[in-house]
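Participant: If you want the building blocks of each chain, they are given just below.
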Amino acid sequence: MAYGPKIIEHYEHPRNVGNFGTQAQVKARKDVGVGLVGAPECGDVMQLQIKVDPSTGRIEDARFKTFGCGSAIASSSLATEWLKGRTVDQAMDIKNTDIVQELQLPPVKIHCSVLAEDAIHAAISDYRAKNGLPTRQPADAKTEQAP
Amino acid sequence: MALKLPMYLDHAATTPCDPRVVEAMLPYFTKVFGNPGSRNHEFGWAAEEGVDTSRGHVAELLGADPKEIVFTSGSTEGNNLAIKGAAYMYEKAPAGAGKPRGHIVTCAIEHKAVLDPCKRLQKEGFEVTFLEPGPDGIVTAEMVQAALRDDTILVTIMWANNEIGTVNEVPRIGALCHERGAVFHTDATQWAGKMPVDVEKDQVDLLSMSGHKIYGPKGVGALYVRRRKPRVRLQALVDGGGQERGFRSGTLNVTGIVGLGKAAQIARAEMDADAQRLLALRRRLESAVTGKLGSTQVNGHAEKRLPHITNISFGFVEGESLMMAVKEIACSSGSACTSASLEPSYVLKTLGVGDELAHSSLRLSLGRWTTREEVDYAAERIVESVQKLRSLSPLYDMHNEGIDLSKVVWGQH
Chain A
25 MAYGPKIIEH
35 YEHPRNVGNF
45 GTQAQVKARK
55 DVGVGLVGAP
65 ECGDVMQLQI
75 KVDPSTGRIE
85 DARFKTFGCG
95 SAIASSSLAT
105 EWLKGRTVDQ
115 AMDIKNTDIV
125 QELQLPPVKI
135 HCSVLAEDAI
145 HAAISDYRAK
155 NGLPTRQPAD
165 AKTEQAP
Chain B
723 MALKLPMYLD
733 HAATTPCDPR
743 VVEAMLPYFT
753 KVFGNPGSRN
763 HEFGWAAEEG
773 VDTSRGHVAE
783 LLGADPKEIV
793 FTSGSTEGNN
803 LAIKGAAYMY
813 EKAPAGAGKP
823 RGHIVTCAIE
833 HKAVLDPCKR
843 LQKEGFEVTF
853 LEPGPDGIVT
863 AEMVQAALRD
873 DTILVTIMWA
883 NNEIGTVNEV
893 PRIGALCHER
903 GAVFHTDATQ
913 WAGKMPVDVE
923 KDQVDLLSMS
933 GHKIYGPKGV
943 GALYVRRRKP
953 RVRLQALVDG
963 GGQERGFRSG
973 TLNVTGIVGL
983 GKAAQIARAE
993 MDADAQRLLA
1003 LRRRLESAVT
1013 GKLGSTQVNG
1023 HAEKRLPHIT
1033 NISFGFVEGE
1043 SLMMAVKEIA
1053 CSSGSACTSA
1063 SLEPSYVLKT
1073 LGVGDELAHS
1083 SLRLSLGRWT
1093 TREEVDYAAE
1103 RIVESVQKLR
1113 SLSPLYDMHN
1123 EGIDLSKVVW
1133 GQH
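Chain order of the listed sequences is A and B.
Heads up: the first sequence begins at 25 in my numbering, then just goes up one per residue.
Heads up: the second sequence begins at 723 in my numbering, then just goes up one per residue.
Do not rely on the hints blindly, as some may be mistaken.
[Stated by the list, open to error] Quick list of the computed label-pair ranges, beta carbon to beta carbon:
(1) A:GLY45 <-> B:GLY1013: 29 to 37 Å
(2) B:ARG742 <-> A:GLY42: 53 to 61 Å
(3) A:LYS30 <-> B:LYS726: 43 to 51 Å
(4) A:ALA48 <-> B:TRP1132: 15 to 23 Å
(5) A:GLN49 <-> B:LEU725: 41 to 49 Å
(6) B:GLU854 <-> A:ARG82: 50 to 58 Å
(7) A:GLY42 <-> B:GLY1013: 25 to 33 Å
(8) A:GLN49 <-> B:ARG842: 42 to 50 Å
(9) A:PRO158 <-> B:GLN844: 40 to 48 Å
(10) A:PRO158 <-> B:GLY1013: 31 to 39 Å
(11) B:GLY1124 <-> A:ILE32: 32 to 40 Å
[To be verified] Here are the simulated DSSO-like cross-link-like pairs (lysine-lysine), alpha carbons at most 30 Å apart as the crow flies:
(12) B:LYS1110 <-> A:LYS30
(13) A:LYS30 <-> B:LYS726
(14) A:LYS51 <-> B:LYS1110
Calculated from the structure, these hints are not laboratory results.
Backbone N, C-alpha and C define an ideal beta-carbon position, used for all residues, glycine too.
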């Protein structure tokens, strides 16, 4: 697989690797949202965790761990970079196509970006559910205007 | 001595030509260029002499008579000729007669060059049993015995497996076939030239081998066809000038055949020393890797294996990212999981390696010029890479936290 330089860079130096505790610990933490998506038999499992400042709704920190190909690792690494500093609402606007564009993912690897988007949504849903916040669907119309 | 990178640990895929082989071949391109079929001049005779010498070397390597050697383009052709040629020759009923044409026994972890001819014959009206070995990967005589029927015409079982290096019970299977009157073919591509062959003692009727796996050139190989007790006949697949006693028409690939002969001669002379050295290196590699990493296994039977091939599975690491991490070590991956990017290995799946979640595997195969320094370096790189990828793997964390991955409900993707 001939990968572009950005994928290789993220693969070799992944950003924000880690978590905010064991599965049991993060489950109990209200300020942490966890998204675990994919399946081992599909060759990709992504875990994205966001740590949110409850007073502002802003994502203070994000961590990932990914079992998967180089593109999956790069997509989730990039996602953590983009998540930090956004509000939970703004984070919903990250699109898989933005990841494809930024990393120059080859067509056979687009599913990695889809998985990363799924992981973001799952982490946010988890955070919202833990805090009794209403779920919000991504605003498709809005992001199409401002990619 | 500084290591040269990338390093080549994929000798089960192909080997470099031995310089002695190249040297032997060179005159046959320009000086001894005649067609061995030209029976009426010096040029033809000289070429024929080269071919005959080579035939002698290959026959000696296999414990055969030179008349029993048919030169081919390699094992794929040899397997096709042996399997289809024997099936058509010994069929119980012709095609279109509406009767069963005959039964063939093979094994699910054969190379595609055996499986696909068998599958074609199946479509053409033959019945085929695909034996499935257990986790040790060995096809035993008992498994074959249980599959044999009165209408079994052919048994084709590889001598040693190309992905995991396991060795099947060839002499016993051969004896069984001879008792029951079935023709026995073995794909010996990974075995011949590396380990001793004696077609008499090993009771083989048909044996395919390739030049490029034994430090000879690509595009040439040999098929051994037994002439006595029993005399095995084959229906030719390529018709024409009647070369190779009619088994395989077409002007002989003289340069390639000379190279194959030289490679066979060297292999026979150096086999014991090579095998001993490679076995020590392989064990060193395996213990260095498995000793430093948990959740790692060497696939296939622990002892009944070729000296130079190892296939190691690593838990909680995905195949393509592992290949990326060890990219300076040329080897093969056999991903047991259904990754979007890597073909799953049907061999490992048959063995049940894919049953456990999230495995990836590397096949490392050592060769005549592999050094201890290379093996040590490869082991170190592999250990580092697996550790790095595990530090990124959510599955490894979950495993360490005592979560049973097979009980987790995974999303559909």
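Participant: If a hint holds in the structure, say so; if it doesn't, say that too.
Facilitator: Verification of the hints:
1. A:GLY45 <-> B:GLY1013: 29 to 37 Å: 31 Å, holds
2. B:ARG742 <-> A:GLY42: 53 to 61 Å: Holds: the Cβ-Cβ distance is about 55 Å, inside 53 to 61 Å.
3. A:LYS30 <-> B:LYS726: 43 to 51 Å: Given range 43 to 51 Å: violated, Cβ gap about 30 Å.
4. A:ALA48 <-> B:TRP1132: 15 to 23 Å: 19 Å, holds
5. A:GLN49 <-> B:LEU725: 41 to 49 Å: 44 Å, holds
6. B:GLU854 <-> A:ARG82: 50 to 58 Å: Holds, since B:GLU854 and A:ARG82 (Cβ atoms, about 57 Å apart) stay within the stated range.
7. A:GLY42 <-> B:GLY1013: 25 to 33 Å: Given about 28 Å between the Cβ atoms, the range holds.
8. A:GLN49 <-> B:ARG842: 42 to 50 Å: 58 Å, violated
9. A:PRO158 <-> B:GLN844: 40 to 48 Å: Hint violated: Cβ distance 59 Å, outside 40 to 48 Å.
10. A:PRO158 <-> B:GLY1013: 31 to 39 Å: Since A:PRO158 and B:GLY1013 have Cβ atoms about 54 Å apart, the given range 31 to 39 Å is violated.
11. B:GLY1124 <-> A:ILE32: 32 to 40 Å: Check passed, 35 Å falls within 32 to 40 Å.
12. B:LYS1110 <-> A:LYS30: Since the Cα atoms of B:LYS1110 and A:LYS30 sit roughly 19 Å apart, the hinted pair holds (cutoff 30 Å).
13. A:LYS30 <-> B:LYS726: 27 Å, holds
14. A:LYS51 <-> B:LYS1110: 26 Å, holds
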